[in-house]
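Engineer: So you can see what is in the structure, the chains are spelled out below.
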Amino acid sequence: MLILSAEYKTKLTKSIGVTKFRSIAMIHIFNNQSKIFIFSCSFLIFFLYSCNGKRKSEIINNYSEIVIDNSNIPDTLDISNVIDYIKVLKLTDHSEKPISRIDQLYASGNTYIVIDAINTKRVNSYSADGKYLKTLMEVGPDKKQALNVTDCYLNEKNEVIIYDYAQMKLTVFNPDLSVKKVIQGKNLFHYNHIASIPGTEDYVGYASYNLDNTELQRDKKNPSSLDVLNSKLDLIKKHLTYPSKFEGIILITASKAFFPYKDSLRFFRAYDPYIYNINKNQIQRKYKILYKKGNFPSDFLESIVANHLKEFQEIGRKSSSLQVIYKYFSGYTCPENWLESDSIICLSSINFLDRSTSITNTIIFNQAKKRTILNAGTFVAKNDFKLSFPQFKAYDKHNNEFIASCTGNQLKKQLHNGSPLINLKDIVDDSFYLIKVKFKPKR
Amino acid sequence: MKNTTFEKTFLFLFALTAVIFVALYYRGQKKLQAKINDFKALTDSILVLNDANRYYSDLLKFEIKSSDYPFEKDDIKLFNITQDTSKSTSQSLNSLIKGNKFSLILRYTEIGCNECSSITIKKLNQLKSLRPDLSIYALVDFSNYDSYLQWRKVGKINFPVYYLKKGGIAFDKDCRDYSYLFMIDDKSSASKFFIPNSGMPMVLDYYFDNLYNTHI
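These protein sequences, in sequence, are chains A and B.
Residue 1 is where the first sequence starts when you use our numbering, and the numbers rise one by one after that.
Residue 1 is where the second sequence starts when you use our numbering, and the numbers rise one by one after that.
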């Protein structure tokens, strides 16, 4: 800019004299300053745009389709021939620190972690033989306690991460269940679930449509369902953004959204056919679940909700029921849960039929060149174990066991006559039991 | 030379103006943000006050409407599920409260505010421990047996529990989604209706203190 200015000055001095030059030079300088100003502004806008671009990132499509034949799903399906063993384990509660439901269950080989996020708002840990170890978190006035415990997560390093929704606070526990660190976010963003991204210090948070984050994130135009957060819980990137008019609609949110798989993280949510894979470099769509009959429309926001927006936004205030969506659609959406080993995937689909919800269970055997898919309302082991399986809730990678949970009262109903697993008289109605299943390595 | 100095001076002044402008802009933004935060705090306060007013108003309406309501207790069939949950034999509410100077009833519904019910049950347990002779009953409407078992376990209920279907008592229609407390005296008159609210535990404390001082 300055070189050009000097050349221009010489030319002008020669032709028009010094006085005129000064006034023209002033204009020229102003022009130059204007150029600098315009350039600076353009640069600033570009810079801000670039920054904004970094905050919203694309998800890579690299998925394979899993087709579930739901045209004739049996109520029960005997899977005795694929089961290696089944073990039943009673969780013994501390009389002062009981839980009253199992919303999420995690297994780390020698410890079980359980969260009751609704009633007692407590996270308890149990030993391999089911004995109560300690309460990791509960609601209370102490600084070490939480205002609201809504979510916990066991990461690939066997660290337990407990999320206090009300304070945007994570308490991270070492595998020996001692406190490793407490992270208090500066901003009170709201998420249903938070997990750590393997191989990084970052976290990822899932927010369903009814969590109002845009005002907190100062980005009212871009509500998002999946946010990447740094080690201090500051927002880094926003994924799965959607039009702001849909913010605040009330829909079903599953009790889990993340599952650690090897050096990555699986992410799933209701009404979305994709299973996402999150690792330190990228997020990609890994699987797409397709039902032969009655797929829930993946563009449901525009095709269903947009036409009845007010009803979807008001239902939370006027009714405790979330059944409004059934008025406009009957069919399948998935997954309500997703568990994955090297060779087996267990998932459960939500089935909206006749304005009610039911769950369909699926076991997928992934072999080198062949994929076998079993579907049933309930899986049973009629031959040796004489048991109907509750829904699988966790996968223990150390013991290669899929784990279901139920109360003693439910277990009595799940066991068939002559089951060798446990004596009916030993079952305590209001205790919780784990049913641990190991599948045969090859089918 | 002069022109160069002039340009430099101008550039310096321009840069200075720009810095001042940016500083003023950020100062303004900070002030604006502080005002927005104040506004949010005030809005929150108003919302809390509105909620409190609505709660007091609902309490008053429920008490006025329900007190001295014709109480057809003979028609109300209860099932004692305190220990045995088979619900095999029924009894009337009348036979339950007969002979008591007064009975304190918790009408528990499994929907609604869990925390509100929890703090009430803690209070009732305390009251029952202090005065074992006191007639305290819970009338519950659980539709799921497992939910009842867990509620009983976590609450460590130390007073009798009876099953009464939802809508089985006249007052349910005015308080469908919340648990509530009331008293029945020996003249079969229902009074002291109260809806616990965990957001205002001091009102619950007052209710129990008043009950304790005036009736026990």
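Honestly, the hints are just simulated from the structure, not real lab data.
Positions of the beta carbon are idealized from the N, C-alpha and C atoms, including for glycine.
Keep in mind that a hint or two might mislead.
Claimed, not checked - Derived SDA-like pairs: lysine to any residue, alpha-carbon spacing no greater than 25 Å straight-line:
id, chain 1, residue 1, chain 2, residue 2
1, B, Lys165, B, Glu115
2, A, Lys413, B, Lys35
3, A, Lys144, B, Gln83
4, B, Lys122, A, Asp263
5, A, Lys97, B, Thr43
6, B, Lys123, A, Lys436
7, A, Lys292, A, Asp263
8, B, Lys30, A, Lys97
9, A, Lys237, A, Asp263
10, A, Lys121, B, Lys30
11, B, Lys156, A, Arg101
12, A, Lys436, B, Asp146
13, A, Lys220, B, Asn114
14, A, Lys310, B, Lys156
15, B, Lys30, A, Gly418
16, A, Lys131, A, Lys144
17, A, Lys121, B, Lys35
18, B, Lys35, A, Lys310
19, B, Lys30, A, Asn187
20, B, Lys156, A, Thr135
21, B, Lys40, A, Lys131
Said to hold, decoys possible - Take a look, some chain B residues computed to stay more than 10 Å from chain A by CB distance:
id, residue
22, Asn114
23, Tyr145
24, Val154
Engineer: Could you run down the list of hints and mark each one as holding or not?
Structural biologist: Going down the list of hints, with the structure as the test:
Proposed proximity of Lys165(B) and Glu115(B) is supported: the alpha carbons are some 22 Å apart, at most 25 Å. With a C-alpha separation of about 60 Å, the suggested pairing of Lys413(A) with Lys35(B) is violated against the 25 Å cut-off. Of the supplied pair hints, the one linking Lys144(A) and Gln83(B) is violated, its CA atoms being roughly 37 Å apart against a limit of 25 Å. With a C-alpha separation of about 46 Å, the suggested pair Lys122(B) and Asp263(A) falls outside the 25 Å cut-off, and the hint is violated.
Note on Lys97(A) and Thr43(B): the hinted pairing is violated, with a Cα-Cα distance of about 38 Å set against a maximum of 25 Å. At most 25 Å may separate the alpha-carbon atoms for a hinted pair to count; Lys123(B) and Lys436(A) exceed this at roughly 40 Å. Restraint check for Lys292(A) and Asp263(A): the C-alpha separation of about 32 Å exceeds 25 Å, so the hint is violated. With a CA separation close to 46 Å, the supplied pair Lys30(B) and Lys97(A) exceeds the 25 Å bound.
For a cut-off of 25 Å, the pair hint linking Lys237(A) to Asp263(A) stands: about 20 Å separates their Cα positions. Straight-line distance between C-alpha atoms of Lys121(A) and Lys30(B) comes to about 38 Å, which puts the hinted pair past the 25 Å bound. Under the criterion of a C-alpha separation no larger than 25 Å, the hint pairing Lys156(B) with Arg101(A) is consistent with the structure, at around 16 Å. Taking the CA atoms of Lys436(A) and Asp146(B), the gap is about 21 Å. The hint holds against a cut of 25 Å.
Between Lys220(A) and Asn114(B) the alpha-carbon distance is near 33 Å, which puts this suggested pair outside the 25 Å criterion. For the hint linking Lys310(A) to Lys156(B), the alpha-carbon distance of about 43 Å lies beyond 25 Å, and the restraint is violated. Between Lys30(B) and Gly418(A) the CA atoms are separated by roughly 73 Å; this puts the pair beyond 25 Å, and the hint is violated. A threshold of 25 Å between alpha carbons decides the hint, and for Lys131(A) with Lys144(A) the separation of about 24 Å falls inside it, so the pair holds.
Among the hinted pairs, Lys121(A) with Lys35(B) is inconsistent with the structure: their alpha-carbon atoms are about 36 Å apart, more than 25 Å. Distance hint between Lys35(B) and Lys310(A) is unfulfilled; the C-alpha atoms sit about 31 Å from each other, more than 25 Å. Our distance criterion of 25 Å between C-alpha atoms is met by Lys30(B) and Asn187(A), whose separation comes to about 17 Å. Using a Cα cut-off of 25 Å, the hinted pair Lys156(B) and Thr135(A) holds, with the two alpha carbons roughly 19 Å apart.
For the suggested pair Lys40(B) and Lys131(A), the alpha carbons sit about 47 Å apart, so the restraint of at most 25 Å is broken. A cut-off of 10 Å between C-beta atoms contradicts the statement that Asn114(B) is not in contact with chain A; the least separation is 6 Å. Not every Cβ of chain A is farther than 10 Å from the Cβ of Tyr145(B); the closest lies at roughly 6 Å, contradicting the non-interface assignment. The beta carbon of Val154(B) sits about 5 Å from the closest Cβ of chain A, which is not more than 10 Å, so the claim that it is off the interface is violated.
Hint compliance for this structure: hints 2, 3, 4, 5, 6, 7, 8, 10, 13, 14, 15, 17, 18, 21, 22, 23 and 24 are broken, all remaining hints hold.
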